[in-house]
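Enquirer: Protein chains in written order, with our numbering: chain X, 25 to 332; chain P, 25 to 332.
In case anyone wonders, no lab produced these hints; they're calculated from the structure. Any given hint might turn out to be false.
Put simply, identical chains are the same to the list, so a pair is met inside one copy or across any two.
What the hints assert, rightly or not - Simulated pairs of lysine-lysine, DSSO-like, Cα-Cα distance not exceeding 27 Å:
(1) K105 - K326
(2) K228 - K52
(3) K326 - K136
(4) K228 - K113
(5) K52 - K326
(6) K326 - K132
The model shown is predicted, which means the values in this text are computed figures rather than measured ones.
Number of protein chains: 2
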Amino acid sequence: MRDILISEVGPRDGLQNIKSILPTEAKKRWIHGQHQAGASEIEVGSFVPAQLLPQLADTAELVAYASGLPDLTVSVLAPNKRGLEAAVKSGAHKGSIPFSMSESHSIKNVRKNHPQMLEEVRSCIEFLRQLPRDRRPAFEVSISTAFGCTIEGEVPEDQVLRLVEQIVALGADEVCLCDTTGYANPVQLARLLEAVWANCGRDKMDSVHLHNTRGQGIANALRAVELGITTVDASLGGLGGCPFAPGASGNIVTEDLVFLLESMGLRTGMDLPRLLEVREQLQRDLPGEELYGFVAAAGLPKTYTAAA
Amino acid sequence: MRDILISEVGPRDGLQNIKSILPTEAKKRWIHGQHQAGASEIEVGSFVPAQLLPQLADTAELVAYASGLPDLTVSVLAPNKRGLEAAVKSGAHKGSIPFSMSESHSIKNVRKNHPQMLEEVRSCIEFLRQLPRDRRPAFEVSISTAFGCTIEGEVPEDQVLRLVEQIVALGADEVCLCDTTGYANPVQLARLLEAVWANCGRDKMDSVHLHNTRGQGIANALRAVELGITTVDASLGGLGGCPFAPGASGNIVTEDLVFLLESMGLRTGMDLPRLLEVREQLQRDLPGEELYGFVAAAGLPKTYTAAA
Chain X
25 MRDILISEVG PRDGLQNIKS ILPTEAKKRW IHGQHQAGAS EIEVGSFVPA QLLPQLADTA
85 ELVAYASGLP DLTVSVLAPN KRGLEAAVKS GAHKGSIPFS MSESHSIKNV RKNHPQMLEE
145 VRSCIEFLRQ LPRDRRPAFE VSISTAFGCT IEGEVPEDQV LRLVEQIVAL GADEVCLCDT
205 TGYANPVQLA RLLEAVWANC GRDKMDSVHL HNTRGQGIAN ALRAVELGIT TVDASLGGLG
265 GCPFAPGASG NIVTEDLVFL LESMGLRTGM DLPRLLEVRE QLQRDLPGEE LYGFVAAAGL
325 PKTYTAAA
Chain P
25 MRDILISEVG PRDGLQNIKS ILPTEAKKRW IHGQHQAGAS EIEVGSFVPA QLLPQLADTA
85 ELVAYASGLP DLTVSVLAPN KRGLEAAVKS GAHKGSIPFS MSESHSIKNV RKNHPQMLEE
145 VRSCIEFLRQ LPRDRRPAFE VSISTAFGCT IEGEVPEDQV LRLVEQIVAL GADEVCLCDT
205 TGYANPVQLA RLLEAVWANC GRDKMDSVHL HNTRGQGIAN ALRAVELGIT TVDASLGGLG
265 GCPFAPGASG NIVTEDLVFL LESMGLRTGM DLPRLLEVRE QLQRDLPGEE LYGFVAAAGL
325 PKTYTAAA
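Working from the sequences, and respecting the hints, build out all of it.
Expert: Here you go:
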């Protein structure tokens with residue numbers, strides 16, 4: 025039984041943002057280890073052309089590998105319809121398309137403005153709908169820069185709401201609010217979550233992707249969970265840092281989040297001591313890369329017991 | 025107007041736990057700078073014998089200096105009656121005595137068991153009561169190891185409640201719950217805060233001292249503030265680390281806490297850009313020492329506005 029699903033995004037979001045290229049065998053070791061430690065959803069890569077992201081060029085092979093592990097949802101990022109087609113071909117259980125709420129960020133990132141992105145989402149959903157059900161992955165739209173943008177600054181909340189409504193109306197299976205830039209605070213997070221739920225119902229959005237860029241990640245996760253969010257993205261060792269602020273922190277740290285939630289009596293299904301071993305192995309496999317997080321440095325308290 | 029008072033403990037708790045000795049002039053520069061940035065309460069040192077803590081031997085001089093700054097509560101740690109006498113002589117506005125809820129930790133730290141510590145508290149209060157009012161500092165008892173202990177592990181909550189009741193009955197002006205070991209989680213924190221308030225009323229305890237040893241510090245601060253706590257201790261740059269786990273984080277980071285609270289619309293009275301300058305100066309003055317925190321590395325978001 026699980027209260028909160030921690031969706032591991034390190035193999036995609038983490039590896040995308042570092043200098044080193046982690047060999048495929050080491051990635052498999054990571055995925056295997058984290059699965060053994062209780063992970064039930066892992067984003068194993070991204071279907072973008074290899075010349076753009078050589079560090080994620082082995083995604084199809086990783087999907088094939090991870091799909092052989094029992095009770096594991098294998099997720100991939102697919103920035104457009106071509107990527108989604110590759111995701112379907114690979115057999116991934118879930119495909120996730122990032123849609124920037126800041127139009128400037130969208131244009132810079134994927135060279136599409138908002139109408140073009142909406143058309144891309146429509147086209148993806150149309151493609152998926154003509155597939156037989158047993159070959160159709162879940163389709164999630166990641167609502168990125170939802171809390172602000174390094175280019176535009178404030179992203180008006182009614183703009184976010186309007187776009188999310190349209191995305192849901194097009195037929196996305198789920199949406200995930202993402203604090204891509206590490207700008208969010210708990211009050212803003214609560215306001216936006218409640219507004220999206222009021223507009224679109226609660227069943228389309230039960231996950232968040234938070235960054236710890238300014239130390240607020242775990243506090244935002246706490247607020248999200250208090251409000252009823254049941255899936256939180258995180259990265260082992262906080263791998264990846266912040267693409268916008270070199271040297272800054274990025275994804276919240278999987279093991280620190282597991283510690284907090286389990287200590288609070290919220291079951292994550294994760295075995296924290298085993299997870300810490302997986303992190304140690306990851307650090308050995310990425311000797312030049314910085315890992316974040318505090319539990320690894322401090323160890324577990326004598327009082328630590330996992331949630332029942 | 026201030027919603028949350030951030031009580032700066034870096035000059036005492038931070039400096040106590042590092043190898044370097046910060047020269048008195050640099051400490052004055054720190055206190056002055058942080059006061060200019062809006063700090064209204066600073067723990068400037070500790071009255072212990074100089075041979076025990078040479079790094080804090082200049083406390084009397086710092087109290088004299090800080091007392092000259094307008095609208096600043098000058099606080100000191102005083103581990104026993106002798107220290108409190110020195111605090112009174114120095115003119116400090118507030119004296120704080122740590123009282124470990126774990127008897128093993130109390131014995132190890134100050135060589136006093138619980139009955140002896142209660143007697144020390146009684147003796148301190150008796151001493152203060154015979155002083156004329158205008159020479160009597162506020163007397164706070166820091167309820168340390170309230171959430172667990174590195175020696176004993178779990179510290180039974182009814183033991184904490186019983187001791188706090190006795191401390192309050194003896195006449196302490198205030199108590200402060202301290203997560204000395206970085207063990208606490210938001211559920212436990214809420215439970216203990218509510219229980220103390222139920223037993224002793226709300227006016228004796230409106231502050232907490234939290235550690236970020238396992239990444240939970242800011243989340244615990246969020247929960248505390250949600251519950252009605254109005255004073256949170258923090259250390260600039262998280263100076264000091266963890267005395268129990270070398271290399272681990274310790275006090276929550278003042279500037280990261282200011283960022284979170286101000287972003288949420290909670291007024292701290294702190295000028296964050298100025299505070300970051302004070303941190304930079306501190307790092308220059310302590311070149312060999314590690315500072316923690318994320319806001320300093322990432323900078324402020326374009327969307328950042330201080331609370332009105």
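Enquirer: Run every hint past the structure and note whether it holds.
Expert: Structure-based check of each hint:
1. K105 - K326: neither (50 Å within a copy, 32 Å between copies)
2. K228 - K52: neither (31 Å within a copy, 55 Å between copies)
3. K326 - K136: Close across copies (23 Å), not inside one copy (52 Å); limit 27 Å.
4. K228 - K113: Within one copy only: 25 Å inside a chain, 64 Å across chains, cut-off 27 Å.
5. K52 - K326: Classified as neither: same-chain Cα gap 32 Å, cross-chain 39 Å, threshold 27 Å.
6. K326 - K132: Answer is between: at 18 Å across copies they meet the 27 Å cutoff, but 48 Å inside does not.
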